[in-house]
Amino acid sequence: MTAEPVLSVANLTIAVGSGTARRRLVDDLSFTLHRGETLCIAGESGSGKSLTSLAIMGLLPKPGPVVAGGSIRLGSEDLTALPERAMRRVRGDRIAMIFQEPMTSLNPVLTIGRQLVEAIEAHRDASRADARRLALEALEAVRIPEAARRMRQYPHELSGGMRQRVMIAMALALEPDVLIADEPTTALDVTIQAQVLGILKEIQASRGTAVILITHDMGVVAEMADRVVVMREGQAVESGAVAPLFAAPREDYTKALLAAVPRMGTGSEGAPVATVAVAAPVAEIRDLSVRFPLKGGLLGRTTAEVHAVAGISFDIPAGQTLSLVGESGCGKSTTAKAIAGLVPYAGSLSVAGRPAANLSAPERKALRRDVQMVFQDPFASLDPRMRVGDLVAEPLVIHGIGSAAERRERVAGLFERVGLQPDAMRRYPHQFSGGQRQRVCIARALALRPKLIIADESVSALDVSVQKRVLELLKELQAEFGIAYLFISHDMAVVENISDRVAVMYLGQIVETGTRAQVFGSPRHAYTRRLIEAVPVPDPARRRTAFPRLVGDIPSAVRKPNDPPARLALRDVGGGHLVAAE
Amino acid sequence: MATYLLRRLFQAALILLGVSLVTFALLYLLPADPARQIAGRTASAAQVANIRTQLGLDQPFFVQYARYLGNLLQGDLGRSYLQRSQVSDLILARLPASLLLMVAAIACELALGLTMGLLAAVRRGRASDHALMVTSFVTVSAPQFVVGLLLLYVFAVRLGWFPIGGYGTFSHLVLPALTLGILGAGWYARMMRSSMVDVLRQDYIRTARAKGLKRWTILLRHAFPNAILPIIAMIGIDIGLFMSGIVVVESVFGWPGIGQLAWQAIQRVDLPIIMGVTLVSAVAIVLGNLLADLLAPFVDPRIKLQ
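Chains as they are written, first to last, in my numbering: chain A, 1 to 582; chain B, 583 to 888.
Keep in mind that the hints are not guaranteed to be accurate.
[To be verified] Straight-line C-alpha distance at most 30 angstroms; calculated DSSO-like pairs for lysine-lysine: (1) A:K451 with A:K468; (2) A:K560 with A:K337; (3) A:K451 with A:K255; (4) A:K560 with A:K451; (5) A:K560 with B:K886; (6) A:K475 with A:K451; (7) A:K337 with A:K365; (8) A:K560 with A:K295; (9) A:K337 with A:K255; (10) A:K295 with B:K796; (11) B:K796 with A:K62; (12) B:K886 with A:K337.
Simulated from the structure, these hints should not be mistaken for lab results.
What you are looking at is a predicted structure, and each value in this text was computed from that prediction instead of being measured.
All chains, full assembly: derive it from the sequences and hints.
Spelled out as structure tokens, the structure:
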């Protein structure tokens, strides 16, 4: 590439605070971006990758971090020196940006059409009709079905994937030189992620837009990047063309980062699945259904029902891990809540041989001891006003176990077991990192020595290197205490890494279930195959050439009252590998 | 939509029934004796008893209430004990003045409050923000009769810009509307500021900035409609607060509305008028809330009335 770069960032430093309290959040960062090229900035949280993108856009939050040195050149202009008025004309016209959260990035009270049109009118002297035509073309370019009708809809009427496409359409409507995509697919399901990445590639190829893709997902990097900058704590650790960087990373951090990425296909080849003579299951779930009524009309009668879980049966073998996988809305979390007794359900449940129905209050309390949960968000699931030691001791207090001194000793032991210093007990949740907090949550779940821990997306919010260590901890604890896990995740690679058995859910029902080797090694159901194929492989040599084409949104689980969906019959294709007929 | 309206109106009827029962019970328990008031100080015990029987005040509580409710259902609010005319006529004659004052006051407080809140949010953390918030705090804390008298003294007595009291022209309206509006403006300024600050942090505002929109376009088209949502619900509740403010302000400014009517009736234990005004206020509050709820879906498309 000999042509002039479209964008060149040189010695960029972003700092916060002043005097001795000054901290450099981005330190001496340099890179260039050429026409038609995709540059991935990869790194874990706190690496400064998002700040860099905001600095390029001139959108650093005020008051807050500021550009303290270096330059950002777009063509011949230095963006760091432009006054706000001139910068405004650059934004959206020459550099556009899409964000991580499609659910919140569109204004809820304005129609899609209006939001697109105003983006165009902000920079072009076009008539309203011309602007509308351009907007419509942009929507069609990102292959949104029924684009004309979508123009009149509001954001809440569209799914997450559709909204992210609207964001892309809005960003690309004016054909900017540079598109910055900050974690554009992180909040999306894998099949939707694949579609959105496909659309980005396609448009880039046809228009020659230069793309800066910011992501923590090395799979996405391998899939999309021409060149990569790996960032850590504000500094570029390593940069270069994608293939050599993945094949032979020079820096230790890059090596560690790549090693931590859970990879599909390694799990089933690794250690043979512990096919111990299947012990008595720790939980038996039969015909479990959860419906949420939608009320309406003069008397508040039920007018429709959401069939979140529509009659599923499975066992959780003692001391093993069963994973429920599926995309958002498939009912996997609702299943977990039903088993934990947090939502009303129909069907039968038994934990440790005890049926969960018609229990007296003390019996129910005893049952709760056996089933504990670890949630997704380690920030939101710890009371910020309690010391972590008290948080971990609380289950013991509730169940009246031990004296205060005994409890303190037990909590200290738990802290040590999950890899935290026992003297951390006196601290508050905000003094810990995300990974440490999730360890606190795990210690809390372990406190009652449960037979089953339900882990609902428990590692999804963590950086890959932290995620890897937490997964290892979970495996160790399982080997040591013989706890069974019901592991719920949308991340196929993580699931393959930790599971003994896997159940794939779609629209409230199980479409395929079996051992890890059966489901991942020889997936039989079309939906399972689609899920597996949609996961980006962290290897640039195995890049997909064709992306899955646009499929519509997943059908709705809302049905008329007393009209349950037809049960899928599961057929055994050998060795307990059950598959729904299609 | 039609079912929604029907259900809300049904609920409204229930609320009004409850209000009528509670008010009637409270007035029944009142130690003041209306028959004695009507008869005057010099009347004999026999005369007072006679009046009491005439008005049915010697009947048991539920008999009295049932009779009142029966009349009410036929649109009859009863006769005033002292003014010798129908309560409904008295209220209807004074209602337009009160409604006018209320509308003017709401317009006044929204115009003042929303502007103050918007400016404070935009200039958050700076001196003008602090000044606006202190001002709003003062107006919220000041009792209405003090504010009313102060405005009267400065603008009517000293400067002579507005009449001291009365009713009829626009200049009569200004001071009472301001008195009512200033208190509300303080509330709305504080609410608008926190709502706006919250909205300005949202992702879609960042999106709007990334599009290269102008600052005021972002504020007015993107932030304002979202920030106003919680305030719409507040206006409905506010009408209830007005009813209490109106009694004070109408007395201070000699404004011939139902607040003044109620004040006079309370002094003379004219129970039918007190009942009537209370019910009319309750209707106003219920309708105000209904109106706010009906308005909400026009601002926020996510809200569906069911």
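Take the C-alpha atoms of K560 (chain A) and K337 (chain A), compute the straight-line distance between them, and say whether it is at most 30 angstroms. 24 angstroms, holds
Are the Cα atoms of K560 (chain A) and K295 (chain A) separated by 30 angstroms or less? It holds: about 11 angstroms lies between the C-alpha atoms, which stays within 30 angstroms.
So if I understand the rule, the pair passes when the alpha-carbon distance is 30 angstroms or less; does K337 (chain A) with K255 (chain A) pass? This hinted pair is violated, its Cα atoms lying about 38 angstroms apart.
Is K560 (chain A) close enough to K451 (chain A), meaning Cα to Cα at most 30 angstroms? Between K560 (chain A) and K451 (chain A) the Cα gap is close to 38 angstroms, so the pair fails against 30 angstroms, i.e. violated.
Given the hint that K560 (chain A) pairs with K886 (chain B), does the C-alpha gap stay at or below 30 angstroms? It holds: about 19 angstroms lies between the C-alpha atoms, which stays within 30 angstroms.
Hey, K451 (chain A) versus K255 (chain A), does the alpha-carbon distance stay inside 30 angstroms? Not OK: K451 (chain A) and K255 (chain A) at ~37 angstroms, beyond 30 angstroms, violated.
30 angstroms limit on alpha-carbon distance, applied to hinted pair K295 (chain A) and K796 (chain B): Cα-Cα ~43 angstroms, so violated.
Decide if the proposed pair is consistent with the structure: K796 (chain B) and K62 (chain A), CA atoms, cutoff 30 angstroms inclusive. The hint holds at about 17 angstroms.
Please work out if K886 (chain B) and K337 (chain A) have their alpha carbons no farther apart than 30 angstroms. 28 angstroms, holds
Below or equal to 30 angstroms on CA atoms is what counts here, so check K475 (chain A) against K451 (chain A). 14 angstroms, holds
Verify the proposed pairing of K337 (chain A) with K365 (chain A), using a straight-line Cα cut of 30 angstroms. 16 angstroms, holds
Has the given pair, K451 (chain A) with K468 (chain A), been kept, meaning a C-alpha gap of at most 30 angstroms? This hinted pair holds, its Cα atoms lying about 23 angstroms apart.
Taken one by one, the earlier hints fail for this structure at numbers 3, 4, 9, 10, listed in ascending order.
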